[in-house]
Amino acid sequence: MFRNALHYAIANIRSNRQVCLASIGSIAVALSFPGLFLFIFVNLNSFLSNWNREVQLMVYLKDDITQQQQVDIEALLQQSPNAEMVTFISREDAWTDFQTLFADKSGLLEELDFNPLPASFRVHFKEGPDRVDTIRGAADSTKGVPGIESIDYGEQWIASFETFLIFLKIFLVALGGILAMGVLLIISNTIKLSVYSRREEIELMLLIGANPRFIKTPFFLEGIFHGTVGAIISIGLLKLLHLYFQFNFEGTFGSMTQGIEFQFIGIFYIAMIIGASMLVGWLGSSLSVNQFLKSYQK
Amino acid sequence: MFRNALHYAIANIRSNRQVCLASIGSIAVALSFPGLFLFIFVNLNSFLSNWNREVQLMVYLKDDITQQQQVDIEALLQQSPNAEMVTFISREDAWTDFQTLFADKSGLLEELDFNPLPASFRVHFKEGPDRVDTIRGAADSTKGVPGIESIDYGEQWIASFETFLIFLKIFLVALGGILAMGVLLIISNTIKLSVYSRREEIELMLLIGANPRFIKTPFFLEGIFHGTVGAIISIGLLKLLHLYFQFNFEGTFGSMTQGIEFQFIGIFYIAMIIGASMLVGWLGSSLSVNQFLKSYQK
Amino acid sequence: MIQLYNVYKAYQSSHPVLIDISMVIREGAFVFITGPSGAGKSTLLKILFRWEKFDRGQVLVNRMNIGKIPEDRLYLLRRKIGVVFQDYKLLPNKTIFENVAFALEIMGADRKAIRYQTWEALKNVGLTHKKDAYPLQLSGGEQQRTAIARALVNRPKILLADEPTGNLDPDIASEILSLFEAANKAGTTIVLATHSQDLLRQSDHPIVTLNQGRILETQFTG
Amino acid sequence: MIQLYNVYKAYQSSHPVLIDISMVIREGAFVFITGPSGAGKSTLLKILFRWEKFDRGQVLVNRMNIGKIPEDRLYLLRRKIGVVFQDYKLLPNKTIFENVAFALEIMGADRKAIRYQTWEALKNVGLTHKKDAYPLQLSGGEQQRTAIARALVNRPKILLADEPTGNLDPDIASEILSLFEAANKAGTTIVLATHSQDLLRQSDHPIVTLNQGRILETQFTG
Ligand SMILES: Nc1ncnc2c1ncn2[C@@H]1O[C@H](COP(=O)(O)OP(=O)(O)OP(=O)(O)O)[C@@H](O)[C@H]1O
Ligand SMILES: Nc1ncnc2c1ncn2[C@@H]1O[C@H](COP(=O)(O)OP(=O)(O)OP(=O)(O)O)[C@@H](O)[C@H]1O
Ligand SMILES: [Mg+2]
Ligand SMILES: [Mg+2]
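Protein chains in written order, with my numbering: chain A, 1 to 298; chain B, 1001 to 1298; chain C, 2001 to 2222; chain D, 3001 to 3222.
No lab work stands behind these hints, which were simulated from the structure alone.
A few of these clues could be false.
[Unchecked claim] Think about it this way: if two alpha-carbon atoms lie no more than 20 Å apart in a straight line, the pair counts; the simulated SDA-like pairs of lysine to any residue are: (1) D:K3080 with A:F214; (2) D:K3089 with A:E203; (3) B:K1239 with A:E203.
[Claimed, not checked] Here are the simulated distance ranges between beta carbons: (4) B:Q1070 with A:K62: 40 to 48 Å; (5) A:V42 with B:V1071: 52 to 60 Å; (6) A:N248 with B:G1137: 28 to 36 Å.
[To be verified] Here are a few chain B residues that face chain A, going by a calculated C-beta distance under 8 Å: (7) L1036; (8) I1186; (9) M1272.
Where a beta carbon is used, it is the ideal one built from N, C-alpha and C, also for glycine.
Sequences and hints are given; from them, build the entire structure.
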């Protein structure tokens, strides 16, 4: 029976080409929206994690620190989980860096003929989803160790950034949810219209004694087909957009985007889009056909 | 004839309620995408212009400046176009500010017992679209005036920010264009399907001698109606989203979003959405009906 | 009123449906067209309101050379002609009343006139009690009568009726026939295609018999 | 085969269409149903394949009490029954061949059998030369014959034919009638609703006349 239904579904797609094309077109376009959204999301994420990577822990040392204290501190820092690299910056290095950084503000500090800066350890942490938490933890556990003057990891900046991230995530999830719902609605509406344009056929099948399951199957198959082809087209469009961005914008925005690569949505998301649209195609057609069949039960 | 067509269009909408609802639903949802996009765009813009407002011109003065030079410089600055307020910051004020700012880095600078900072003028500029250019202009024209040590308006930061803005604008315009095209496609497809489901009627009208213009008019009206109602619903949805954001997120993200208000898209954009969707409704139905009528010309 | 000269029509070039048909139907005439299934009766009627084109020949309807009417003025021809379609062509989501009124609406008639004339037309075919029903809620014969009412409602100069009594019982069929006779008396030129021997027997109008694309014979009875 | 006991049916409670109809049609019988337009002939047929429900009474078809068949097993009843619909119900975007084959496809028949039986059915109604045409490219009579072919293609136990010759000329009508006779000889029970006096006159089968919802008379001719 399934082969029969498949055969029949193919025949149907052929003989309703107009409706089929319109339906696939709408689905493809509708799916491009969440696709685009995912694309932006993925890239924004990698963009933000680039920034995030800059966060590091600075441990400033007292000027009167003993050799032993310094060794202890270095050991302690090296033991903190996920610490990747601990660099010692002597007072002299700090001063040189400082002067280089403010070289263009000539005269601002030229009168200083002694070095006001302390020595420090700079700790790099491995990347990871809770990198910031790790850094915070390391900072807390180092606090109060003798020989440490102060600790800095841009608490304020991190706090702002984290609230921003929370905000952004809520926003994106909400947006994604709305998008998804909207797209589902469009797709199921489109399929409803396409089922509606075939009401004669459904009626006839009922009249001449087709098994309701036989009536439904080709519509399901068609819904799934429309969904799948629509999804594939939308991913194709997205890939085109990606290539366009790659060729035109990558690395051309100076320091701001230096080293930034536009990433394509992962295989997981692609599978999700195709899967979801198959599902919607199936559900959409199944609901419409069932509703239709119900309307004939007197 | 127009009244007749209107009457007829209303009758049609009534008797094809299913198709009409599906069509309006799809249009409303489809239009919500660019609507949402505009919403994000508008708010991002106001967010960025908030940041932008922080840019100001600092003119650092030589320590050996004469009274006359200082007065001249102040006058010059006050004359620069769009300058709103010129504040003099004495060496003492600067030092106090500096110490306050770095109070938490206790010990970092405590050994300094003299003031290394210069006096300066801080110039605030009025808001405006080319505020940054104005500042740049003012900076250039002040350069080299005797008594000025150096000028700072965050060139680097501005440069980054500007490339970022250009990037963002290209991105948003591209995205908006794609969105708009996609939405047009969905809407015109939806209308095509709804015209298609009425092919019998169009045929009959041709058969019994309806003026082609008379055949088209109700479809145009219906297309416009679908477009308008769809647009109004989508704007309503957007307004709901806006209210939701206002009640839930406004001002709760600490310093980052303090003072930020979510703005609703302006009346201009609303008019644009409604206008565009009326136009698309009209064009979509007009194209479909014309194509249909053509197919009957033998 | 209606003149055909050597009209030739083939849907597929190998199988002509009408071969050099010539015929003159005067204003006010009432002509029956008969012939076996597939003889070309419907095609002939379709040509008369330019629903189908023809390949060769000349056709004049209501003083218009219908081969030469531009596409966008065809409707002017068609609204002079009432047609009872063989398959009725009623709109399923309009009521019977709306279906009949439709033929007036598309001509931009006045609302009151529409109501009055539609009611009259429905009364003539005996369907006023079904005016708010939808076509699918009617019996075959009732649908056919609706189609007849719609064709007559705007008092066309020409009536083309394609098998208008196929689904009607003999009594109602002769009622409908007398309706046509009355319209004919009032000046409407009528061309009626039918298989029904009953119908042909009942009237004394000329009968044109088509067969294999040609006029087999023209009978003047009565 | 078919038994009706006091079947009552009203679409609107004020206007009953069938009032206490009782009838027994044995296996292998051939019964004509006639009566004026709107008498309830189509409704009666629609009840027999449970397209319409009835309000009171009992109906047995093919040993099934059709008032009691659950909705999801109705199709088992319907595929034992071939129906020629008064309005044909051909699918416009399938060819004639596909339309006829459709009745076999939905039963999941073998591909080869479908091709053979469809061809035979088309041959019987004389339409093999039109097999690749679409319904709208056929004359009224050709469409009707397609509908007949579809109803007969799967050799149903029961054939319900609703005005199957309304658009056929007398010659083809009697050909179709003999087709039905042949099917009847082969064991198919036939119920045929018609107005056509010609058709009624041609055969010697019992004739049930409906009027205003009741059986007016049952005639046994021949
Ligand atoms: N649109 C079409 N395309 C191709 N062939 C067509 C078309 N319309 C009709 N035909 C063919 O032309 C022939 C004549 O058709 P027509 O409808 O004129 O016959 P008719 O005399 O009205 O028959 P009936 O009495 O059965 O209605 C038929 O064989 C039919 O198949
Ligand atoms: N679905 C329906 N809803 C309401 N009324 C209906 C419906 N179907 C039929 N009727 C009414 O029931 C009556 C009988 O209809 P039916 O179709 O059985 O008549 P019929 O004998 O087949 O007539 P005909 O010879 O004209 O086809 C008619 O008056 C019709 O209007
Ligand atoms: Mg015909
Ligand atoms: Mg009937």
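Earlier hints that do not hold, by number: 3, 9
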